[in-house]
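S.K.: These are the residues of each chain, in order.
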Amino acid sequence: MYPRAFHYHRASSLQEAVALVSQLGDDAKLLAGGQSLIPLMKLRFANPTHLVDLNFISGTSYIKQSNGSLHFGPLTRHAEIEGSAIASGVPILHDCAAGIADVQVRNRGTIGGSLAEADPSGDWAVVLGTLSTQVRCLGKNGERTFDLKDFIQDAYTTTLAHDELVSEVIIETPAKGSGGAYLAFKRAAPVYPTASAAVQLTMEGDICKDAAVALGCVGLTAIKAKDAEVALRSQPITEKTLSAAAEAARAAADPQSDMRGSADYKRTLVAALVRRAIGIAVRRARGEQIEVSHIYA
Amino acid sequence: MPEAIPKVAVKVTVNGKAHEIDVEPRMLLVEMLRETLDLTGTHVGCDTTYCGACTVLLDGAAVKSCTMFAVQADGAEITTVEGLEKDGQLHPIQKAFGDAFGLQCGYCTPGLMLSTLQLLRKKQHPEEKDIRKAIAGNTCRCTGYQNIFKAMQFAAHNMKGAEGHGD
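So the protein lines, in turn, are chains A and B.
0 is the number of the first residue of the first sequence in numbering that gives the first Met the number 0; add one for each residue after it.
0 is the number of the first residue of the second sequence in numbering that gives the first Met the number 0; add one for each residue after it.
These are computed hints drawn from the structure, not numbers from a lab.
Watch out, some of these pointers could steer you wrong.
[Claimed, not checked] Okay, derived cross-link-like pairs now, DSS-like style, lysine-lysine, Cα gap no bigger than 25 angstroms in a straight line:
hint : chain 1 : residue 1 : chain 2 : residue 2
1    : A       : K28       : B       : K6
2    : B       : K159      : B       : K94
3    : B       : K85       : A       : K41
4    : A       : K175      : A       : K148
5    : B       : K159      : B       : K128
6    : B       : K121      : A       : K63
7    : A       : K28       : A       : K148
8    : B       : K85       : B       : K121
9    : B       : K94       : B       : K16
10   : A       : K175      : A       : K223
11   : B       : K128      : B       : K85
12   : A       : K41       : B       : K159
[Claimed, not checked] From chain A, some residues computed to sit far from chain B (all C-beta separations above 12 angstroms):
hint : residue
13   : L42
14   : A100
15   : D101
16   : Q133
17   : G141
18   : F145
19   : I236
20   : E238
Beta carbons: idealized from backbone N, C-alpha and C, even for Gly.
For reference, chain A alone in the conformation it holds in the complex:
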């Protein structure tokens, strides 16, 4: 399948990319990992006249630690995050990076591209929604920074202007005693998940001091399950709190029936994923090493 013909531009810096896309106008698009954009172009759902390639800009792929935060370059590939010892220090990041699509897609797809696309079935927005995450954006008038929750506004819609791009993703390292887990359920590796759940808990002894719960693929954006968080906060993790949190997640989900399953099925699935993720998060908060990732049917 051939995309519609386009002019190709290779940016040598993020600033140049911004200037190019600004000057070329509305029919210009930025190309990061291309694992969503290129298929969309091949299907002619996206038909840019100009493509500005970010992949040849040096220094845009990195994972750095500083002042209690992790900094990710916009073109850091999922596979690099999967293989990074620094990123794996926050296990929920590894859960996500190691399970997105398949090896080949993870070798190309980028964290910045994933957030900028804001696909309702994307993985990163769900996981990063349970951590304190800032998205730095570069435009013609310089940089501005948003909390992730303000950055993603709707399905496929962010605060980014047409001629603005994600220049860095900054994640606050969770406190000691905090543990998280991300579970996504999919029918096969290369497809989008049917539903997913991210949980990050801070434990003090047997009591859950703080909780963040986010749901993926069951709404137009990642859903923060606030009632599930309330059900966990200041509580011991017992069968009763687990059930309350899972029920609250089921209620918070707002899925559509589609080829991946009925809305009811997805609610039941997401509740089960939340319950399971809490169990793993608690054990990780205690320092246990547990390997989890996306689950295939």
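For this one, chain A is given, so just place chain B on it according to the hints.
M.R.: Chain B only, in chain A's frame:
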């Protein structure tokens, strides 16, 4: 009349051989390999980033060549299935797929062998879960995967961490 789109010069090294090719920006990497360089061992299966039949190594990393433009490969080293064999000798991975009956129709096999090569370069002694994960992006509709598994285990055993062919 639509305006003419200028072609872009691309320098690539494919299986050790340098090429300079002028491509239309919308040409996919897999098409450049198959149509321009006549390397038809890389297959187009689904053409939608699902099946992995078009998998090649780009600077050592497995990628789906139907989901990259040829211009993006500028300056890169690409390995296709044709680059596995040397001096008429099958690569240990190719041999293992034959010995273990790891193929039937063969359509997915080039992609699977390149995914195997990336895995074995990273992990000399892969566990079962590593093998499963390494080929999760390669679809085979004939074999049920069991013999592909065996082939990958054979290959790991025969290569013993070497690149194959003693290099």
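S.K.: For every hint, state whether the structure bears it out.
M.R.: Hint-by-hint comparison with the structure:
no.	hint	verdict
1	K28(A) <-> K6(B)	holds (19 angstroms)
2	K159(B) <-> K94(B)	holds (14 angstroms)
3	K85(B) <-> K41(A)	violated (35 angstroms)
4	K175(A) <-> K148(A)	holds (24 angstroms)
5	K159(B) <-> K128(B)	holds (19 angstroms)
6	K121(B) <-> K63(A)	holds (23 angstroms)
7	K28(A) <-> K148(A)	holds (24 angstroms)
8	K85(B) <-> K121(B)	holds (21 angstroms)
9	K94(B) <-> K16(B)	holds (24 angstroms)
10	K175(A) <-> K223(A)	holds (23 angstroms)
11	K128(B) <-> K85(B)	violated (30 angstroms)
12	K41(A) <-> K159(B)	violated (41 angstroms)
13	L42	violated (8 angstroms)
14	A100	violated (7 angstroms)
15	D101	violated (3 angstroms)
16	Q133	holds (29 angstroms)
17	G141	holds (29 angstroms)
18	F145	holds (29 angstroms)
19	I236	holds (28 angstroms)
20	E238	holds (30 angstroms)
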